[in-house]
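Place chain B on chain A using the hints.
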Amino acid sequence: MLTLQYIPHHEFSHLVLEDKLKKIMKAVKDDKILLIEGRLDPIEESELIKRTMSEINKNFSGIEIASIDYDLKKQELWDHIRKGIANLLLKRRSIVREIKKDPNKIELLTMEKKKKR
Amino acid sequence: MGLGSLFGRFFTGLFGKKKNLRLGIYGPPNAGKSSLANRISKDWLGEEISKVSHIPHETREVIVKEKITVKSKGKELTFNLVDTPGIATKIDYEDFIKFKMNAKEAKERAKEATKGVIDAIKWLDNMDCVLVVLDATINPYSQVNITIIGNLAARNIPVLIVANKIDLKKSDVKRIEAAFPQYPTIGISADKGTNLEAFYDELFKLVKQ
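If you're matching them up, the sequences are chains A and B in order. Per my numbering, the very first residue in the first sequence carries number 1; after that it's consecutive. Per my numbering, the very first residue in the second sequence carries number 1; after that it's consecutive.
Just chain A, with the same shape it has in the complex:
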């Protein structure tokens, strides 16, 4: 079953980095797909990658991250980061098989359940 946890901007944006990372890692390790309104900035993302790497073990092989609308074309990177759109995070080897991404959309492809005969 897919569990999507939505975190609104007001519940997340005021948190210090450590608390943001804890919140993300807990949800992701609980096999939830996390949708955060407003995105992590690039430095926070790199800290999240460092944290993820330090916690990888045989049961946890990392995360998938996708950001919606990170419009680099308009040279307004910081505007977009500040305003934020959304970050999508999930555990690798969850029910989601693949994330397909282009500049305007993210597609989650789920695992197909094998039919019992």
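There's no promise every hint is true.
Derived pair list, reagent style DSSO-like, types lysine-lysine, alpha-carbon separation capped at 30 Å [what the hints assert, rightly or not]:
no.: 1; chain 1: B; residue 1: K122; chain 2: B; residue 2: K111
no.: 2; chain 1: A; residue 1: K32; chain 2: B; residue 2: K115
no.: 3; chain 1: A; residue 1: K23; chain 2: A; residue 2: K58
no.: 4; chain 1: B; residue 1: K170; chain 2: A; residue 2: K100
no.: 5; chain 1: B; residue 1: K174; chain 2: B; residue 2: K71
no.: 6; chain 1: B; residue 1: K192; chain 2: B; residue 2: K67
no.: 7; chain 1: B; residue 1: K90; chain 2: B; residue 2: K205
no.: 8; chain 1: B; residue 1: K100; chain 2: B; residue 2: K111
no.: 9; chain 1: A; residue 1: K22; chain 2: B; residue 2: K67
no.: 10; chain 1: B; residue 1: K98; chain 2: A; residue 2: K50
no.: 11; chain 1: A; residue 1: K32; chain 2: B; residue 2: K107
no.: 12; chain 1: A; residue 1: K58; chain 2: B; residue 2: K107
no.: 13; chain 1: B; residue 1: K107; chain 2: B; residue 2: K51
no.: 14; chain 1: A; residue 1: K29; chain 2: B; residue 2: K170
no.: 15; chain 1: B; residue 1: K104; chain 2: A; residue 2: K58
no.: 16; chain 1: A; residue 1: K23; chain 2: B; residue 2: K90
no.: 17; chain 1: B; residue 1: K90; chain 2: A; residue 2: K58
no.: 18; chain 1: B; residue 1: K169; chain 2: B; residue 2: K192
no.: 19; chain 1: B; residue 1: K98; chain 2: A; residue 2: K100
no.: 20; chain 1: B; residue 1: K169; chain 2: B; residue 2: K100
no.: 21; chain 1: B; residue 1: K51; chain 2: A; residue 2: K58
Derived from the structure by calculation, the hints contain no laboratory data.
Chain B in isolation, oriented as in the chain A frame:
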């Protein structure tokens, strides 16, 4: 960005060029970072610096080659070249087993690779300029690419995007240019040595920034 790095950049701007310019090579795994490092080192020092392979995360520690001097059209440029492990958000030892490694080797490689990613990110603060190497046959809109480039932008580090593997049929340099239009992009094949003259021209422009 660390305070030390910030001050370093400020004073470099005030008093001219730093003596030991650090040129970092960053990118996702298997984009050809070490192939490019080897190509540069071989061209100007006559020796390779990194081991390369088709198995992801071959480079698992930061490798520095000091004092490489590149000469082009009467100009000279000396830098310390820093080849970094590929940055990833996931490392699964089972992926290495597909490359005929045993479980112990695969787990060891995964452990080293995770440390390598952390080190690569830590080293970002020490870079003066960065070559972001991307595989030109792959969709560039990956979060890792965006995170790397976003980090470099946040640190005001000059960037040249190197679209590698242009010798391959599926390569598409324009797609990479379209993804990151605020940075110069140069298509090369580090493996075959294609378009390197233009690459070195861009390298001089990058360092001037």
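Pair hint outcome, K51/B versus K58/A [Cα-Cα no greater than 30 Å]: Within the cut-off at roughly 27 Å; holds.
Pair hint K58/A and K107/B, alpha-carbon separation not exceeding 30 Å: Holds: K58/A and K107/B sit about 8 Å apart, inside 30 Å.
Agreement of K170/B and K100/A with the hint, judged by alpha carbon distance not exceeding 30 Å: 18 Å, holds
K100/B paired with K111/B [C-alpha distance capped at 30 Å]: The given pair, whose Cα atoms are some 17 Å apart, holds under the 30 Å limit.
Pair hint outcome, K29/A versus K170/B [Cα-Cα no greater than 30 Å]: 36 Å, violated
Hinted pair K32/A and K107/B, Cα distance within 30 Å: 26 Å, holds
Hint consistency between K23/A and K58/A [alpha-carbon to alpha-carbon, up to 30 Å]: This hinted pair holds, its Cα atoms lying about 21 Å apart.
Straight-line alpha-carbon gap K122/B to K111/B, limit 30 Å: 17 Å, holds
Proposed proximity, K58/A with K90/B (alpha carbon, max 30 Å): The given pair, whose Cα atoms are some 12 Å apart, holds under the 30 Å limit.
Given pair status - K51/B, K107/B, alpha carbons within 30 Å: Holds. K107/B to K51/B sits at ~20 Å (cutoff 30 Å).
Given hint K100/A paired with K98/B - CA-CA distance at most 30 Å: At roughly 23 Å apart (the allowed maximum being 30 Å), K100/A and K98/B satisfy the hint.
Distance restraint between K192/B and K67/B, which requires alpha-carbon spacing of 30 Å or less: 24 Å, holds
The earlier numbered hints that this structure contradicts are 7, 9, 14.
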